[in-house]
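*Asks:* Position chain B against the provided structure of chain A, taking the given hints into account.
The lines below spell out each chain.
Protein chains: 2
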Amino acid sequence: MPHSHWVLCLHGGAGVIGRDQPAARIAAYREGLAAALRAGANVLSAGGAALDAAMAAVRSMEENPLFNAGKGAVFDASGGHELDAAVMDGSTLSCGAVAGVRTIRSPIVAARAVMERTPHVLLAGTGADDWARDQGLETVPNNWFDDEFRRAQWLKAKEAARVQLDHADDGAKGTVGAVALDSSGVLAAATSTGGMTNKMSGRVGDTPLIGAGTYADNRTCAVSCTGTGEQFIRHAAAHGVHARMLWGGMSLKAACNDLVHRVLKPGDGGLIAVGQDGSYVMEYNSPGMFRGAADSRGAFMTAIWDD
Amino acid sequence: MPHSHWVLCLHGGAGVIGRDQPAARIAAYREGLAAALRAGANVLSAGGAALDAAMAAVRSMEENPLFNAGKGAVFDASGGHELDAAVMDGSTLSCGAVAGVRTIRSPIVAARAVMERTPHVLLAGTGADDWARDQGLETVPNNWFDDEFRRAQWLKAKEAARVQLDHADDGAKGTVGAVALDSSGVLAAATSTGGMTNKMSGRVGDTPLIGAGTYADNRTCAVSCTGTGEQFIRHAAAHGVHARMLWGGMSLKAACNDLVHRVLKPGDGGLIAVGQDGSYVMEYNSPGMFRGAADSRGAFMTAIWDD
Chain A
5 MPHSHWVLCL HGGAGVIGRD QPAARIAAYR EGLAAALRAG ANVLSAGGAA LDAAMAAVRS
65 MEENPLFNAG KGAVFDASGG HELDAAVMDG STLSCGAVAG VRTIRSPIVA ARAVMERTPH
125 VLLAGTGADD WARDQGLETV PNNWFDDEFR RAQWLKAKEA ARVQLDHADD GAKGTVGAVA
185 LDSSGVLAAA TSTGGMTNKM SGRVGDTPLI GAGTYADNRT CAVSCTGTGE QFIRHAAAHG
245 VHARMLWGGM SLKAACNDLV HRVLKPGDGG LIAVGQDGSY VMEYNSPGMF RGAADSRGAF
305 MTAIWDD
Chain B
5 MPHSHWVLCL HGGAGVIGRD QPAARIAAYR EGLAAALRAG ANVLSAGGAA LDAAMAAVRS
65 MEENPLFNAG KGAVFDASGG HELDAAVMDG STLSCGAVAG VRTIRSPIVA ARAVMERTPH
125 VLLAGTGADD WARDQGLETV PNNWFDDEFR RAQWLKAKEA ARVQLDHADD GAKGTVGAVA
185 LDSSGVLAAA TSTGGMTNKM SGRVGDTPLI GAGTYADNRT CAVSCTGTGE QFIRHAAAHG
245 VHARMLWGGM SLKAACNDLV HRVLKPGDGG LIAVGQDGSY VMEYNSPGMF RGAADSRGAF
305 MTAIWDD
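Protein chains in written order, with our numbering: chain A, 5 to 311; chain B, 5 to 311.
Treat the hints with caution; some may be incorrect.
The list treats identical chains as one, so a pair stands whether inside a single copy or across any two.
[To be verified] Subject to a maximum C-alpha distance of 20 Å in a straight line, what follows is the list of computed SDA-like cross-link-like pairs (lysine to any residue): (1) Lys162 <-> Asn147; (2) Lys257 <-> Gly189; (3) Lys160 <-> Asp150; (4) Lys162 <-> Thr122.
No lab work stands behind these hints: they were computed from the structure.
Chain A with its partners taken away, still in its complex shape (with noise of 0.2 Å):
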C-alpha cells in the first residue's frame, strides 16, 4: 500500500431503524452519515492526520441529534444524559477518555483534551465535568442534550421498566464512532455515546474503556465498536481484533468475524475497523448498523441494513 493511501470508515450506531420508515427519515440518516463522512474524508484528503479525521466525523455526529452521542443522546433513568467517550492514536498509543459527564458539548474533545493535556487516561464523573469546564472547554446545561425523540423513547422505556440501546422505537444500539489510515500511515480511533435508554446512573458502557469499545495500534488497526457494552467490555474486543493480528497472525476481515460472529452473540452490535494495510472491516450481528466508507481511491458509500 502506498503511503499517500488514506481511509475514513464510521458507524452511527448498530440498533438501526425498520426498512418501513417514512423515506424521509431515512434519508435524513443516510445525510448525516454522508456529511459526517465528508468531514472526516476533508481531513485526510488534505493530508491530515487520522485523530483529526476521525474527530471531525464523530463531532458531526455528536451536533447531529439523530445519533446517540453528544445532542440527542438517549435520557438515562433519571431523566438526563451521561455521555462517554474516547480516543486513541495508534503512532503513539496514546489515549484519552471521558465518562459520564453532563456538561461538556462535546465528550469527543474532552476525550482527546485528557490526553493531550494530562497524564491520564480516563477521567469521570463530576471531576471530568469540573476539570473540562477549568480548561476553558465549552459546557452546556445538561438539558442542551435534549431532544424529543430521545425524550417519547425514554418514557416509553420507563413505563415498560426496560433498559434500551437505540435507535429504534423499540430499542437498539447507539453510540458513534470512526477510524482512520491517513497518508502518513498513522491509524487512530474515536467513540462517542449517550449510553442506553433508561440505563442506571453512573452506568458505564465500553466506549470510554480503551481496549473494550476504542483501539488503534499502527502495528495492526484501529477499531471503534457499537452494541451491547458489556458484551464489548468481557471480550476486550477492540483490543481482542488488535490481538488476534498481532498474535494470532489473522487477517484483518478473519480477526472481526471471529469476534463478531463466533464470540458475540446475535444481536449483540458490531464494529468498524481500518487496517494498516488499507483494509477495512464494517461487521455487526443486528439487524443493521448505520455505517460509512470513504477512501483515497474515490470510494464513498453509506448503508444502513444489508443492502
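*Replies:* Just chain B now, with coordinates in the frame of chain A:
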C-alpha cells in the same frame, strides 16, 4: 494437573517501602500479606471457589490500613478518597467493577454485587455509591478511609504539587489484588485500589477496567495488575497476557515477561497471574512488589523485594 490442585497469588502494590525501614514496619507488611494469603488459602483448601478466595484475600488487605485499598486508601487532590475495584470469573467471563466510589466500605464487595445483581459491568461515581446503599451494602463516611500516614503522604505530595502512587515515603504504586485457581479448575481475579496520592478527582486508573488491570479466562489465566495505571490501560495489560497465550501460544511466564519487561517501562509496576495449568507468575519492573503465593502442595511465601 489434577483438578484437586489449587493456587492463590496476591499483591499489595508494586511501590514498596525501602529496605532501610524499621524492622517492625517491614514485619507488619509481611504479616498483612500473610493474613490475606491465609484468608484466601482457607477458602481454597476447603474446596471453595476461586472468586471467593480472591475476594477474601483482597478483603483482608482492604481492611488493613497498610495497603492502598479500602481503609488506608491514599488521599486525592481534594483531600478525600475515591476507590476503584473489579472482579472477574474465568469460567463465565462474568465481571463487575466500581470506579470513583466514596462511601462503600468494601469496593471489592460492591464490584461483585455489580456483577451478580445488574446486567452491567461498571458503575461509577455517585450513581454507584447510591446504588450500593440501595442494595444494602455497608456504607461509611468518606473520612472513615482516612489514615494519618496517608494524610502525611498527601500533604507532602500536595506541597510538591506531585501526583504520587503509593507506599514508599517518596510515593510509589498502590493497589491490592489476588488471582486464584480453585480445585475445580476455575480461575478468578480481584483488584482494589485507592488510586494515586493527590490524583485529580475523577481520574480512573486500570484497576476497575476489565482487560486493563483485571482479567480472567479459564482457557488461559487470571491476572491482576498494579502500577502506573495509564500504562496498563494503553497496553490492555491483563487482557494482553491472556491474548499472548490464547492467540500467540506463549506460556504464562513468557507472556508476563514480554509484557512487564519488553512492553512496559522500568518502574511502571507489575502483575500477578495464575495459569490454568497451575503455574503462576509474580513479575514486576519496579524496585519490589508486595506479594505472596500459596498452593495445595503446601507452598506459602510472602516477599517484598528481590529476595
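*Asks:* Against each hint, give a clear statement of whether it holds in the structure.
*Replies:* Verification of the hints:
Taking CA atoms no more than 20 Å apart as the test, lysine 162 paired with asparagine 147 passes inside one copy only; the shortest distance there is 18 Å, against 36 Å between copies. In this assembly of identical chains, lysine 257 and glycine 189 lie within 20 Å of each other by CA distance solely inside one copy; the values are 19 Å within and 34 Å between copies. Taking the shortest alpha-carbon separations for lysine 160 and aspartate 150, only the intra-copy value of 16 Å comes in at or below 20 Å, while the best inter-copy value is 45 Å. Only between protomers do lysine 162 and threonine 122 lie at most 20 Å apart by alpha-carbon distance; the minimum there is 17 Å, versus 38 Å within a single protomer.
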